[in-house]
Amino acid sequence: MTTVALMGNPNTGKTTLFNQLTDSYAYVGNWTGVTVEKKMGSIKHTKIVVVDLPGIYSLNPITKDESVAINYLLENDTDIILNVTNANQLKRNLLLSIELLEFGKPVIIALNMIDDLKRTGVYYDIQTLEKRLGCIVKTTNARNHDGIEQLRDKLKNSPVDEFPTANLKLDYPKEIKKELNLATTKLVKNYQVSEKFATWLTIQFMNKNKIVRQFASHNNFKPLLEKADLFDKEKFEEKIFQTRLNFIEETLTSARENVSSSSNIQMTSKIDKVVTNPILGLPIFVAIFYLMFKLSFDWIGTPLSDQLNAFLSGPISNYSNTFLKSIGAMPFLRSLIVDGIIAGVGGVLTFIPQIMVLFACISILEDSGYMARAALVTDRVMQAIGLNGKAFIPLIIGFGCNVTGIMAARTIEQPKERLITTLISPFMSCSARLPIYSLFVAAFFPKNQALIVLSIYFLGIIVALAMAKFYQLIFHVKENTVFIVELPQYHLPRFDIIWRGTWDKSKGFVRKAGTIIFAGTVLIWLLSNFGPSGFVTNIDKSFSAMLGQFLLPLFVPIGITSWEAISALFTGILAKEVISSSMMVLFHTTSQTTLIATFGQLFTPISAYALLVFILLYVPCFATIGTIKSETGSTKWAVYSVFSSILIAYALSFVIFQVGSLFM
Amino acid sequence: MSLLTNLIIASVIIGFAGYEIYKVAQKSKKGKCAACDYKCEAKMMAERAKRQNG
Chain F
98 MTTVALMGNP
108 NTGKTTLFNQ
118 LTDSYAYVGN
128 WTGVTVEKKM
138 GSIKHTKIVV
148 VDLPGIYSLN
158 PITKDESVAI
168 NYLLENDTDI
178 ILNVTNANQL
188 KRNLLLSIEL
198 LEFGKPVIIA
208 LNMIDDLKRT
218 GVYYDIQTLE
228 KRLGCIVKTT
238 NARNHDGIEQ
248 LRDKLKNSPV
258 DEFPTANLKL
268 DYPKEIKKEL
278 NLATTKLVKN
288 YQVSEKFATW
298 LTIQFMNKNK
308 IVRQFASHNN
318 FKPLLEKADL
328 FDKEKFEEKI
338 FQTRLNFIEE
348 TLTSARENVS
358 SSSNIQMTSK
368 IDKVVTNPIL
378 GLPIFVAIFY
388 LMFKLSFDWI
398 GTPLSDQLNA
408 FLSGPISNYS
418 NTFLKSIGAM
428 PFLRSLIVDG
438 IIAGVGGVLT
448 FIPQIMVLFA
458 CISILEDSGY
468 MARAALVTDR
478 VMQAIGLNGK
488 AFIPLIIGFG
498 CNVTGIMAAR
508 TIEQPKERLI
518 TTLISPFMSC
528 SARLPIYSLF
538 VAAFFPKNQA
548 LIVLSIYFLG
558 IIVALAMAKF
568 YQLIFHVKEN
578 TVFIVELPQY
588 HLPRFDIIWR
598 GTWDKSKGFV
608 RKAGTIIFAG
618 TVLIWLLSNF
628 GPSGFVTNID
638 KSFSAMLGQF
648 LLPLFVPIGI
658 TSWEAISALF
668 TGILAKEVIS
678 SSMMVLFHTT
688 SQTTLIATFG
698 QLFTPISAYA
708 LLVFILLYVP
718 CFATIGTIKS
728 ETGSTKWAVY
738 SVFSSILIAY
748 ALSFVIFQVG
758 SLFM
Chain E
19 MSLLTNLIIA
29 SVIIGFAGYE
39 IYKVAQKSKK
49 GKCAACDYKC
59 EAKMMAERAK
69 RQNG
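These protein sequence lines map, in sequence, to chains F and E.
Residue numbers for the first sequence follow our numbering, beginning at 98 and rising by one.
Residue numbers for the second sequence follow our numbering, beginning at 19 and rising by one.
Hints in this document: simulated from the structure, not taken from any laboratory.
For each residue, glycine too, the CB sits at the ideal point set by N, CA and C.
Check each hint, because a few of them may be wrong.
Only pairs whose alpha carbons sit at most 27 Å apart, straight line, appear in this in silico DSS-like list of lysine-lysine [unchecked claim]:
| no. | chain 1 | residue 1 | chain 2 | residue 2 |
| --- | --- | --- | --- | --- |
| 1 | F | 305 | F | 330 |
| 2 | F | 161 | E | 45 |
| 3 | F | 513 | F | 305 |
| 4 | F | 604 | E | 45 |
| 5 | F | 604 | E | 41 |
| 6 | F | 726 | E | 45 |
| 7 | F | 513 | E | 47 |
So the derived list for chain E, only partly shown, Cβ under 7 Å to chain F, looks like this [what the hints assert, rightly or not]:
| no. | residue |
| --- | --- |
| 8 | 19 |
| 9 | 24 |
| 10 | 28 |
| 11 | 32 |
| 12 | 35 |
| 13 | 38 |
| 14 | 39 |
| 15 | 42 |
| 16 | 46 |
| 17 | 47 |
Turn these sequences into a full structure, and let the hints steer you where they fit.
In structure tokens form, the structure reads like this:
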């Protein structure tokens, strides 16, 4: 078996290349920090395994996810390193390439996004690059599959021993060379390591690589450990960096060729002048989100959803009921299937059009390159309250699912900032909450659906930011890290990438319908059909009514006067979609129209809004609680997250309902 | 359909639901990627690779 390690800077298209090389699909985004754990895949009909590692700027890890890559090199015997670079940013990308070339394994450098480079009016002579770097260099354009076939053929058809082993020896300053020789000789002689590995290890050690220094201590490499102070005192790290930079500049100058015009770069900078404008940037960001909700709630999503619902509550429910009757199913089984599963699970599935439209919009924003700008624009707001714009990326990912949002927080270097981002992530409105928003906005704000949903989303952001500021003061976070985000050039979103992104995210929703939403629906059916006396025909005597009515006095001050809503909130802890399916079951209806009419009698617009705010902020779902626990490594923070969010949700919906009631 | 068949079908549905809730609780304890509700390509490939190597 041959192992190919895919390594490169963040946002160079590694994951896209990985998907194409392995005929598989892993989540792709046009921004930093998408790959946080390594992914593996094999090239079809071969024994070649490709490992996609998180993007790194150097082998010296700064963040938790960056250490995955260096640890992989130290712990695994990789056969070939496929270094993916952004051809447009070669000067910075080659800094990592040098470290990989020094590692001594065969290296292939893929100059990805080569079309973007050509559009800037520059091109590199590949032969010159190959000669200077001493490895194979291929050009690719993963987005439209250019060069992928050649790269795959190269990997498939050449045996590993035919690949030239990288043999890059930079002309480091004399004092470094002297120490390098000394240490390498001793390591080879006394510790039985290969000369190449010893050289690489020494350079990395001189370069203050934390993981390598731990590795050296662990193996008690005295020739290195004894010299650590000298290396640091003599500032070897800076000298190594300068030598590498000079080498890169010389290499690029000798390989550079000028080609045609630079229309794309001009277009990108023209668009950026507007969308990242200090004054216009934020309103544009809000407007884009508004447009997204308009599309999913008013223009495309809801009309489709209504048709699906009419089909489900009409023909499907009636036919199922008649069929079950005809085969002799008893009333309780019919109720379980029709009022429980079809109403609950089916009811949630009818929201698929809205969810898909929203996911498609998010995918378009990611693929076009706008998301990185959104992070930049929000960075200004975040800076104003003393936060880092980098925290915005996990937060925006949290719009899809809080679990992935929290995982993405690993890209934040500072442990305290990472903890803060983890704690505020659940306040971001994940897509699972959409069905319940959709039901309530259709009932109470039919003309302003998009606007109300937008306000809920932004309220989530505001609460998240306010809490972040609060935690910052409590944890005494003083140092402010600099936020660097790479702004990719804009490109027209590709249909297949958008479709795959949308499908990948929506698939999760459909799967959940068959598992946890199904389970939650059956649970609420049981609770609403059984009471202390056994099977009940009157729902008011059921367990769910008892639970809801017991807690009702607590919820009246926030405008909730129906015990059904309270019981539904409980099942929402399993997964937020279950709130909607529980409502369907508890109100005994398969039709959204009937449910909406029932809501009209139980809520006022202001109490409905207060409930939506409560749903936005109260307890994270099971999966999110579990992730908070595993990412912070403490049960304490998970429990804290549950209780603090209930408190915040209650306080805010209380204020909204009480103040709102004064005016309405 | 006899009472027994009715009861069996209902029990299967409820049993499956109970199992799903149990599974979610177990997965949530693991956190991270494992808590994700669907098996994406990457996860399946990682599992396959684990089986092959282990």
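Each hint, compared with the structure:
1. 305/F / 330/F: holds, 12 Å
2. 161/F / 45/E: holds, 23 Å
3. 513/F / 305/F: Within the cut-off at roughly 23 Å; holds.
4. 604/F / 45/E: Holds - the C-alpha atoms of residue 45/E and residue 604/F are around 19 Å apart, at most 27 Å.
5. 604/F / 41/E: holds, 19 Å
6. 726/F / 45/E: Measuring from Cα to Cα gives roughly 12 Å; hence the hint holds.
7. 513/F / 47/E: holds, 23 Å
8. 19: It holds, given that the least Cβ distance between residue 19/E and chain F is near 4 Å, below 7 Å.
9. 24: Since chain F brings a Cβ to about 5 Å from residue 24/E, closer than 7 Å, the hint holds.
10. 28: At about 5 Å, which falls below the 7 Å cut-off, the nearest Cβ of chain F leaves the hint on residue 28/E intact, so it holds.
11. 32: holds, 6 Å
12. 35: Since the shortest Cβ distance to chain F is 4 Å, the answer is holds.
13. 38: holds, 4 Å
14. 39: holds, 5 Å
15. 42: Nearest chain F Cβ about 5 Å off; hint holds.
16. 46: For residue 46/E, the interface hint holds, since the closest Cβ of chain F sits about 3 Å away, which is under 7 Å.
17. 47: holds, 6 Å
Violation of the numbered hints given earlier is absent; every hint is satisfied by the structure.
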